[in-house]
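Protein chains: 4
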Amino acid sequence: MADYREVTQEITQELTRTLSNISTHEVEQLTAEIQKAEKVFFVGVGRVLLSLKSIAKRLAHLGIKTYIVGQITEPAITEKDLLIVGSGSGETAFPLIIAKKAKQFNATVAHIGGNPQSSMRDYADLFVKIPVSTKLQLPGEIPSVQPMTSLFEQSLLILGDTIALLMVREKEMDMHALWKYHANLE
Amino acid sequence: MADYREVTQEITQELTRTLSNISTHEVEQLTAEIQKAEKVFFVGVGRVLLSLKSIAKRLAHLGIKTYIVGQITEPAITEKDLLIVGSGSGETAFPLIIAKKAKQFNATVAHIGGNPQSSMRDYADLFVKIPVSTKLQLPGEIPSVQPMTSLFEQSLLILGDTIALLMVREKEMDMHALWKYHANLE
Amino acid sequence: MADYREVTQEITQELTRTLSNISTHEVEQLTAEIQKAEKVFFVGVGRVLLSLKSIAKRLAHLGIKTYIVGQITEPAITEKDLLIVGSGSGETAFPLIIAKKAKQFNATVAHIGGNPQSSMRDYADLFVKIPVSTKLQLPGEIPSVQPMTSLFEQSLLILGDTIALLMVREKEMDMHALWKYHANLE
Amino acid sequence: MADYREVTQEITQELTRTLSNISTHEVEQLTAEIQKAEKVFFVGVGRVLLSLKSIAKRLAHLGIKTYIVGQITEPAITEKDLLIVGSGSGETAFPLIIAKKAKQFNATVAHIGGNPQSSMRDYADLFVKIPVSTKLQLPGEIPSVQPMTSLFEQSLLILGDTIALLMVREKEMDMHALWKYHANLE
Numbered sequence: 001m002a003d004y005r006e007v008t009q010e011i012t013q014e015l016t017r018t019l020s021n022i023s024t025h026e027v028e029q030l031t032a033e034i035q036k037a038e039k040v041f042f043v044g045v046g047r048v049l050l051s052l053k054s055i056a057k058r059l060a061h062l063g064i065k066t067y068i069v070g071q072i073t074e075p076a077i078t079e080k081d082l083l084i085v086g087s088g089s090g091e092t093a094f095p096l097i098i099a100k101k102a103k104q105f106n107a108t109v110a111h112i113g114g115n116p117q118s119s120m121r122d123y124a125d126l127f128v129k130i131p132v133s134t135k136l137q138l139p140g141e142i143p144s145v146q147p148m149t150s151l152f153e154q155s156l157l158i159l160g161d162t163i164a165l166l167m168v169r170e171k172e173m174d175m176h177a178l179w180k181y182h183a184n185l186e
Numbered sequence: 187m188a189d190y191r192e193v194t195q196e197i198t199q200e201l202t203r204t205l206s207n208i209s210t211h212e213v214e215q216l217t218a219e220i221q222k223a224e225k226v227f228f229v230g231v232g233r234v235l236l237s238l239k240s241i242a243k244r245l246a247h248l249g250i251k252t253y254i255v256g257q258i259t260e261p262a263i264t265e266k267d268l269l270i271v272g273s274g275s276g277e278t279a280f281p282l283i284i285a286k287k288a289k290q291f292n293a294t295v296a297h298i299g300g301n302p303q304s305s306m307r308d309y310a311d312l313f314v315k316i317p318v319s320t321k322l323q324l325p326g327e328i329p330s331v332q333p334m335t336s337l338f339e340q341s342l343l344i345l346g347d348t349i350a351l352l353m354v355r356e357k358e359m360d361m362h363a364l365w366k367y368h369a370n371l372e
Numbered sequence: 373m374a375d376y377r378e379v380t381q382e383i384t385q386e387l388t389r390t391l392s393n394i395s396t397h398e399v400e401q402l403t404a405e406i407q408k409a410e411k412v413f414f415v416g417v418g419r420v421l422l423s424l425k426s427i428a429k430r431l432a433h434l435g436i437k438t439y440i441v442g443q444i445t446e447p448a449i450t451e452k453d454l455l456i457v458g459s460g461s462g463e464t465a466f467p468l469i470i471a472k473k474a475k476q477f478n479a480t481v482a483h484i485g486g487n488p489q490s491s492m493r494d495y496a497d498l499f500v501k502i503p504v505s506t507k508l509q510l511p512g513e514i515p516s517v518q519p520m521t522s523l524f525e526q527s528l529l530i531l532g533d534t535i536a537l538l539m540v541r542e543k544e545m546d547m548h549a550l551w552k553y554h555a556n557l558e
Numbered sequence: 559m560a561d562y563r564e565v566t567q568e569i570t571q572e573l574t575r576t577l578s579n580i581s582t583h584e585v586e587q588l589t590a591e592i593q594k595a596e597k598v599f600f601v602g603v604g605r606v607l608l609s610l611k612s613i614a615k616r617l618a619h620l621g622i623k624t625y626i627v628g629q630i631t632e633p634a635i636t637e638k639d640l641l642i643v644g645s646g647s648g649e650t651a652f653p654l655i656i657a658k659k660a661k662q663f664n665a666t667v668a669h670i671g672g673n674p675q676s677s678m679r680d681y682a683d684l685f686v687k688i689p690v691s692t693k694l695q696l697p698g699e700i701p702s703v704q705p706m707t708s709l710f711e712q713s714l715l716i717l718g719d720t721i722a723l724l725m726v727r728e729k730e731m732d733m734h735a736l737w738k739y740h741a742n743l744e
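Protein chains in written order, with the working numbering: chain A, 1 to 186; chain B, 187 to 372; chain C, 373 to 558; chain D, 559 to 744.
A couple of the hints might just be wrong.
[Claimed, not checked] Now the stretches of chain B that chain A is said to cover, found in silico as 3 or more residues with beta-carbon under 8 angstroms:
| # | segment |
| --- | --- |
| 1 | 277 to 290 |
| 2 | 299 to 305 |
| 3 | 330 to 339 |
| 4 | 362 to 370 |
These aren't lab readings, by the way, just hints derived from the structure by calculation. These numbers were taken from a predicted model, which means no experiment stands behind them. Here a beta-carbon is modelled for each residue, glycine too, at the ideal position from N, C-alpha and C.
With the hints as extra help, turn the sequences into a complete structure.
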């Protein structure tokens, strides 16, 4: 059997490399938009959506009003709001529809993806590139050691949690006090 | 093959009978608590949870702040809030835990169920009886023609929608205007 | 305050009328496709999706392999499978995309809706009409006493549960034995 | 503003350290149980549940039959099945109830957590320790730089994806071929 320690090291190495190659400027732009927005909506599919949900949950604990597109009690989006789209290829049908609609309501759209030249470009006001190989296998992409788009989904989660920690430090929040925003019924 | 028209008639008849046997007084109490609460939480499992989610979604369109226990961005419950528990038997483990916790935070707990003598009685401030046969097959229960607890889940949905319509009429809401509270990204 | 008993009677009356006006032939076609399919997929949004999930859950208890489009562990659709689309207007963007894709994989597509002349017509192999007023307010539609599309969502749930009961009777299933297919961890 | 690159480095460092301190033996035991099981169930709450769902989804692509406790079409658990519980503290109420029930049906229970001396010990057949600080702040725990239990949730996701990659290599799967198990309707 392949060795756990060796394999987990390969994964954390490619994850670390990917995260350190994200543009600081792009992350700062996204962070600023999150803090400026009245409400922050998230859209994605599959494991990407799961990473976005984790981000939405953590940011909610920091006092940001976050919503998942399609959730039971989703408010209307307005021009004061931000839509964060997670899509490695930038070609997934459902996020494209939602991004288009969000622009019709004059919301700001941020795309976190692997491919800056995607169809999502028509709707995105800002783009944060996670430099991983996408399903499209574009030239210059470093192939991941992992199956499918695992590396994108992992990087997305850690990127979101990095933004959360940046906000905690910038606002000098008391991390222990954060539990008060947390659901207390679980 | 059994005839569609005949079978759907049997179902709507038992549904109509069940709904007309719910106590007006109990429904009025529940409606008053929903309108008084700062936030309304819902808990249940399986198809009961799906009916509760539909109710939460409709009430949100009427301006009520509704949350499903366990949803991604669930706030903390307080003594100004209402927890609505859906449980036919009143013995389902997860709702019992949540109801107990909600009482620890001094929230109001409303139980919609089939059995007033259940364990949920220890936590519920009010009880709305949907008079259907429960899994426990208590004496005096009229057996449903349908499998499992379908009749309870159907009755729960229509009860919730009746409360919504009662609120629309009482407040003389413009039903067309309700769409403005609705998600606009779907 | 408007009276509970009166209002619930108005609702059950329009629900009963709607269900009794669905075509027996269309229901029989849909039931036959459900029984013929290797796997049955469901797609919809909002409260319509919640009704479809309830139907999927009940049919699963009858031994049908059911899946919600977008669920965590969703298999690939094939030409042996059925996609059931719930959409009152037949114009909702997400179900339209999914129906189009399902046809590309040669799956059978059944549309349950209010409007036979919708864009969904291009993809649907069969159509079951729930004769309710849609958001589009087509000529000849009887307006519902209820807000938004509640009547469609209620009718959809009861239609699904009627199909379940038709199957129980046709196959002479022992309704008590159905609990063995049920999740036992809740 | 705190610097993105610096902060993401702190996070990937503590993530890498945590993952490299998980016992190879415990991971091998868990991997063996996953491969032996007829069906694999997952239970957790909040962000832990989101990580578990990502794992379930990836393992499903490798041909493992995975289910989330509470999902719409959840089968009954049997003595041939595995329940994987994610809970940092091992004291969360809902996973404890489910683990207890799973043992009543003689399923195997694996607990992935931070605290080996928790109440979950009464039900768990095997334990995989993710060595992070838990909410309980046990002696000897290294505090995370991140708020709440982010480090646990991140480590859990990467642990699951490491197990997936171990299985891919052990079985010499063609990673490109994995897309055939993937949902094709998104």
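If you test the structure against every hint from before, which numbers come out violated? 2 and 3
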